[in-house]
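2 protein chains.
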Amino acid sequence: MSSENAIKNPHELLERLNELHPSDIAYSLKKIEKESEDDFYYVLKEIPDEILGEVILELPDNLREDVYTLLPSQRLSDVVYELDSDDATDIIQEIEEVDEEKAKEVFEGLEEEDKHEINWLKRYHEDEAGSYMQTELFSANINETISDSIKRLKEGKESDELENIHQVYIVNNEKKLIASILLEDLIIFDFEKTYEQIINEHEENRFKPFVVHDKDHIDEVAKQVEKYDLNVVPVVGYQGILVGRITSDDILDVIEENATEQMYQLAGVNDDFEHEDNLLNTAKKRALWLFLNLGTAILASLVIGMFDKTIEAFVALAILMPIVASMGGNAGTQTLAVTVRQLALGEIDFDNSKDAIKKEVFISLANGFIFAIIIGIIAWFWFNTALLGLVIALSMIINLFSAGFFGASIPLVLKKMDIDPAIGSTVLLTTVTDIVGFFSFLMLAKLILL
Amino acid sequence: MSSENAIKNPHELLERLNELHPSDIAYSLKKIEKESEDDFYYVLKEIPDEILGEVILELPDNLREDVYTLLPSQRLSDVVYELDSDDATDIIQEIEEVDEEKAKEVFEGLEEEDKHEINWLKRYHEDEAGSYMQTELFSANINETISDSIKRLKEGKESDELENIHQVYIVNNEKKLIASILLEDLIIFDFEKTYEQIINEHEENRFKPFVVHDKDHIDEVAKQVEKYDLNVVPVVGYQGILVGRITSDDILDVIEENATEQMYQLAGVNDDFEHEDNLLNTAKKRALWLFLNLGTAILASLVIGMFDKTIEAFVALAILMPIVASMGGNAGTQTLAVTVRQLALGEIDFDNSKDAIKKEVFISLANGFIFAIIIGIIAWFWFNTALLGLVIALSMIINLFSAGFFGASIPLVLKKMDIDPAIGSTVLLTTVTDIVGFFSFLMLAKLILL
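So the sequences go chain by chain: A and B.
Residues in the first sequence are numbered consecutively from 13, following the numbering used here.
Residues in the second sequence are numbered consecutively from 13, following the numbering used here.
Wrong hints could be hidden among the right ones.
To be verified - Pairs of lysine-lysine, BS3-like flavour, derived with a Cα cap of 25 Å:
id	chain 1	residue 1	chain 2	residue 2
1	B	K220	B	K239
2	A	K42	A	K20
3	B	K127	A	K321
4	A	K235	A	K134
5	A	K297	B	K370
6	A	K169	A	K127
7	B	K166	A	K205
8	A	K42	B	K239
9	A	K169	B	K220
10	B	K428	A	K46
11	B	K227	B	K187
12	A	K239	A	K220
13	A	K43	A	K57
14	B	K220	A	K166
15	B	K57	B	K114
16	A	K169	B	K205
17	B	K46	A	K370
18	B	K428	B	K235
19	B	K187	B	K163
20	B	K20	B	K43
21	A	K239	B	K114
22	A	K43	B	K371
23	A	K235	A	K220
24	A	K366	B	K296
25	A	K20	B	K366
26	A	K370	B	K296
27	B	K239	A	K43
28	A	K187	A	K169
29	A	K227	A	K205
30	B	K188	B	K127
31	A	K220	B	K169
32	B	K205	B	K166
33	A	K43	B	K428
No lab work stands behind these hints: they were computed from the structure.
Isolated chain A (complex conformation) (with noise of 0.2 Å):
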């Protein structure tokens, strides 16, 4: 698999379509664009309908625009028209985004029942299981014998309709679904009975589906999938009919998101507008978080501040300050980290918080010590003085005890506000962290030193 290594030749590229997959595809054509405009849009002009879309879906975001704006309208109607539901949905509302007109062109450009599949899945929420899932599946009414679904089986993998089929859904005369039968157990049955006589030759939860609710949230969804270990997920709508699948592909995408949302989320930056073209739109978003940090920053200096006659009668307090309040800074990043992941994981939940803070304040503490020593006897020898190492080592404590507290607590509560616990816990965090550190320190110096 020498998946890496892009091919940069148009001509080769386009030779070799067959045997490539569309995301090789497109990170040959990623490599193209750098070299020439050119190239890119000879290669997008030659490129076969059914594959297109797939590569388009592959593309980074800035490209896929490109290739909207290139491509004319009906081009693009019979790229989407290749497409999964879900994703000639998803292409179709990003077009809009670019060019609201065009995307009118290219959704008039389709068939009857692509059209009002697209509609009706553009009304979910992109957070919602719907947006995620594809109406192409298989399913068989409960009468029918399981040959003549095999037929629609062969006619739907002919047409390209039907691809990555696991399973039957079987569904009765009101299209609820209500048994779901794995091929590996389909193919050992005799296709001569109907779907009913099987059922009712195997016990009662045999062919039970795991479904989820068109409206679910997708994180939702993606937990699921992930607990029970599901290949495919049937997703059902008003009366537990049956609209759609989601395949683990889409879910793997989802958890992939998720985690980096989460990253990003905790050094303060927003996955969103990370692709813009527009830097400047990009640096305003990391501004806001910025932003925040200058106000917490600018409130540890008023604490400072208060003590700014201890510092000019012993300047050595302005040279080991903030010491206190990195290490309260780290520590608190660790707990932090943890907690947030594994609120999101489940292994945090209300029912265990308060272990899950005891636990973290028991860590930080005692690193608390072992730190409070090393740094009192270091700040005793560097200045000369052992009440200063006192000092240190004291306000070390204070400073490690919080941020193990605060590090667990501020995740928790924000997530029992139904606040994302990633937004914010960090420079929450920091504001304790340097305002405990910076006020302890400083305020046993007064007490203790002068």
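With chain A fixed as given, assemble chain B onto it according to the hints.
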């Protein structure tokens, strides 16, 4: 799906075993254990062998260890016997860590074939694809008819050996993997034909399997599965011999674990030691990181110490200096998180690393100018000294520039040196932003103010 409602009554749980998924049973068991160890043991004793193995796999580490200690060797053998080879190997290795003697007894209680497979899987390193694969799969010789192979599938399913089957792997007489046919294709073919006939009737690449090698790194396998939207991937060994397969649920776990690891590493936490029963071990591992950070903080203090006379003359410097360092640290963390994540997702590579650095420098610098103006004005009016505003403004620009430059370069350089860019990059970065922040601010103050 009331998956979140634990059944805390042991009798009720045992009665409802058949309608519950192993991970739901594990969830309830966790809650039962919290309330009574006796009830926990009682349920363990009563759960049938064929369910218990799957349940153990879903329990948290500490409860798994309890299970290995509580249950007799013979019972553990019966439980392991029911599992797929990859899971059986994992459990035997986990028992080894708790009690080597007992692990030997459990192993001796297995059938010869299972012993052979476990011994073989144990040879793989934990990062190798081989250690994630299961040897149970549905394969057929190329000269076999479809119907003969389906008979074997039926037997395999009846004996619970085969499950989660999506394709048949076709091998030649030397057991070399030559094709992979999806069940959705197989079910519509003529069952009386041999696989050779089927393959010859179709175009060349139609059934070409995507394979990974048993010695491949599991992270690489995960990347491929994600990239090519695979459900299952066959694993081949020496000379292309089919040795096993990896299913997407295992890949999902790998992706989730890698994301956790990355997030933890950025925060200075080692994932491997976060689930220790002895919290002092967790504290010790976190202390290592804090120790590094202490070194950084002391370095920054030494820089401040170079300017003790300047601070004595002008205590406002002590009050304001943490602002510059803190803003640099935060802007740098933003850049670092984005760069580390995009490197991991393959969005940044060495081809476009210069663009990535340029982008980050531009964003940081843009924010550097904005915050220079804001903090410059604040400092000017706060201390009624225009030049102090100039000093902090200039040092803000310098430090945010270095935050962007080093935040993007450090992970890239680490990656170039084949070091995981998430490890250690935070501490390197804050060293830079602290030292540049304090030095530029105090040096400029000395030059301009005094």
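Hint-by-hint comparison with the structure:
About 17 Å separates the Cα atoms of K220/B and K239/B, which keeps this hinted pair within 25 Å; it holds. Pair hint K42/A plus K20/A holds up; C-alpha atoms about 9 Å apart against a cutoff of 25 Å. Of the supplied pair hints, the one linking K127/B and K321/A is violated, its CA atoms being roughly 75 Å apart against a limit of 25 Å. Taken as a hint, the K235/A and K134/A pair is honoured in the structure, with Cα atoms around 24 Å apart against an allowance of 25 Å.
As the CA atoms of K297/A and K370/B are separated by approximately 18 Å, the hinted pair is consistent with the 25 Å bound. Proximity of K169/A to K127/A is assessed by CA-CA distance (about 21 Å); at most 25 Å being required, the pair is judged to hold. With a C-alpha separation of about 17 Å, the suggested pairing of K166/B with K205/A holds against the 25 Å cut-off. Note on K42/A and K239/B: the hinted pairing holds, with a Cα-Cα distance of about 15 Å set against a maximum of 25 Å.
The hinted pair formed by K169/A and K220/B meets the criterion: a straight-line CA distance of about 18 Å does not exceed 25 Å. In summary, the hint linking K428/B to K46/A is supported, as the alpha carbons are separated by about 23 Å, within the 25 Å threshold. Proposed proximity of K227/B and K187/B is supported: the alpha carbons are some 18 Å apart, at most 25 Å. The straight-line distance between the Cα atoms of K239/A and K220/A is roughly 17 Å, inside the 25 Å bound, and the hint therefore holds.
With a C-alpha separation of about 17 Å, the suggested pairing of K43/A with K57/A holds against the 25 Å cut-off. For the suggested pair K220/B and K166/A, the alpha carbons sit about 20 Å apart, so the restraint of at most 25 Å is met. At roughly 18 Å between alpha-carbon atoms, K57/B and K114/B fall within 25 Å of each other, so this suggested pair holds. Distance check on the hinted pair: K169/A and K205/B sit about 20 Å apart at the alpha-carbon level, within 25 Å; holds.
At roughly 16 Å between alpha-carbon atoms, K46/B and K370/A fall within 25 Å of each other, so this suggested pair holds. Between K428/B and K235/B the CA atoms are separated by roughly 19 Å; this keeps the pair inside 25 Å, and the hint holds. With a CA separation close to 20 Å, the supplied pair K187/B and K163/B stays within the 25 Å bound. Proximity of K20/B to K43/B is assessed by CA-CA distance (about 6 Å); at most 25 Å being required, the pair is judged to hold.
Between the alpha carbons of K239/A and K114/B the distance comes to roughly 30 Å, so the proposed pair goes past 25 Å and is violated. Restraint check for K43/A and K371/B: satisfied, since their Cα atoms lie roughly 18 Å apart, inside the 25 Å limit. With a C-alpha separation of about 20 Å, the suggested pairing of K235/A with K220/A holds against the 25 Å cut-off. At roughly 22 Å between alpha-carbon atoms, K366/A and K296/B fall within 25 Å of each other, so this suggested pair holds.
Distance restraint check for K20/A and K366/B: the Cα-Cα separation of roughly 20 Å lies within the 25 Å cut-off, and the hinted pair is therefore satisfied. Between K370/A and K296/B the CA atoms are separated by roughly 17 Å; this keeps the pair inside 25 Å, and the hint holds. Taking the CA atoms of K239/B and K43/A, the gap is about 17 Å. The hint holds against a cut of 25 Å. Restraint check: the Cα-Cα separation between K187/A and K169/A comes to about 22 Å, which is no more than 25 Å; the hinted pair holds.
Between K227/A and K205/A the CA atoms are separated by roughly 35 Å; this puts the pair beyond 25 Å, and the hint is violated. Between K188/B and K127/B the CA atoms are separated by roughly 24 Å; this keeps the pair inside 25 Å, and the hint holds. Straight-line distance between C-alpha atoms of K220/A and K169/B comes to about 18 Å, which keeps the hinted pair within the 25 Å bound. A threshold of 25 Å between alpha carbons decides the hint, and for K205/B with K166/B the separation of about 18 Å falls inside it, so the pair holds.
For the proposed pair K43/A and K428/B, the alpha carbon gap of about 21 Å is at most 25 Å, so the pair holds.
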